Amino acid sequence: SFSSNLFNDAAVAIPSPMEASIPSETVSTAMKHGWAWKIPLTTRFGNGYVYSSRFCSADEAETELRRHLGLLDGDVPARHLKMKIGRVTRHWNRNCLAVGLSQGFIEPLEATALLFIQQTAATFVEFVERGDLSEAAHERFNDMMNTHFEGIRDYIVTHYKTNTRTDTEYWRANAANLNLSDDLKKLYSLWMAGKSIAPAVGQQVLGKGYPVFSWYSIMAGMGIFPDPQDLRPPTVQEARFSEAEIDNLLERSSANYPDHRAALESIPPRRTEPALQVYFW
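Numbering (the working numbering), first residue to last: 1 to 281.
Just so you know, the hints here were simulated from the structure itself, not pulled from any lab data. Treat the hints with care, as some may be off.
Label-pair ranges, simulated between beta-carbon atoms [said to hold, decoys possible]: (1) T162 - A136: 51 to 61 Å; (2) A58 - D230: 42 to 52 Å; (3) T26 - M222: 14 to 24 Å; (4) L231 - P269: 49 to 59 Å; (5) Y257 - G221: 17 to 27 Å; (6) L115 - G194: 30 to 40 Å.
Note that this is a predicted model, so its numbers are computed, not measured. Think of the CB as a built atom: it goes at the ideal place given N, C-alpha and C, for glycine as much as any other residue.
Using the sequences and the accompanying hints, generate a full structural model.
Written out as structure tokens, the structure reads:
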């Protein structure tokens, strides 16, 4: 179980009508006791609130989400879900392979469920193609999968550990949480000392989940920076980058593309292939 690292264990979902234009992005919003998602589909928005039942009841979560969406009338039904965060120890056991939700689940903040499925299947195929099916191979495979889970867990933990909110006990508890892996503690220490984290990410469990540039993004994005005195001056090449120039490039590039609804409607309809009939005799 990852419950000591990640507190969220429940969710409530409510659909809402689609707007005239379909956004091209999913929006995640911090709430009092977790976070809310807003996912644009072709005919509606999928909305939900992932929260911790230690700090918030299901009714409180639903009310907060309805207020967030402007759907307090209650005509749209809500769906409540429970989550168990963690992983199995043995993903490959004898002649059985756990894939997807049967092997574990980490809360959906980084939407990693499909990644785990792909990683598990691809790694298993590599073992099979090598004819590596021994008991020792099982252990190596299980170690690889467990390492992958823990690397992604630590990245998601960082979203919560580095928060600066103090308005609810939920956010204060996340910031104060000391249940961190040794690898994560080392990364924080290197970062705050102004040292390179690339070797640590490459050598440790952390790099099995996200590459070093993702760690740069999350630490900088959360506003966590070392003391300027501990940093080296930027090189000439680094200093020439301008956020305004990058914003301008993206803005001009967007003019080359249609809006999201037009792009979706331009996709040709899917062809229906004849079903494959398999007979045994």
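Evaluated hints:
1. T162 - A136: 51 to 61 Å: 39 Å, violated
2. A58 - D230: 42 to 52 Å: Since the Cβ atoms of A58 and D230 sit about 46 Å apart, the hinted range of 42 to 52 Å holds.
3. T26 - M222: 14 to 24 Å: Once the Cβ atoms are compared, 19 Å apart, the range 14 to 24 Å for M222 and T26 holds.
4. L231 - P269: 49 to 59 Å: 54 Å, holds
5. Y257 - G221: 17 to 27 Å: Given a distance of about 25 Å, which is inside 17 to 27 Å, the answer is holds.
6. L115 - G194: 30 to 40 Å: Between L115 and G194, where Cβ atoms are some 31 Å apart, the hint holds.
The structure is inconsistent with hint 1 alone, although it conforms to all the rest.
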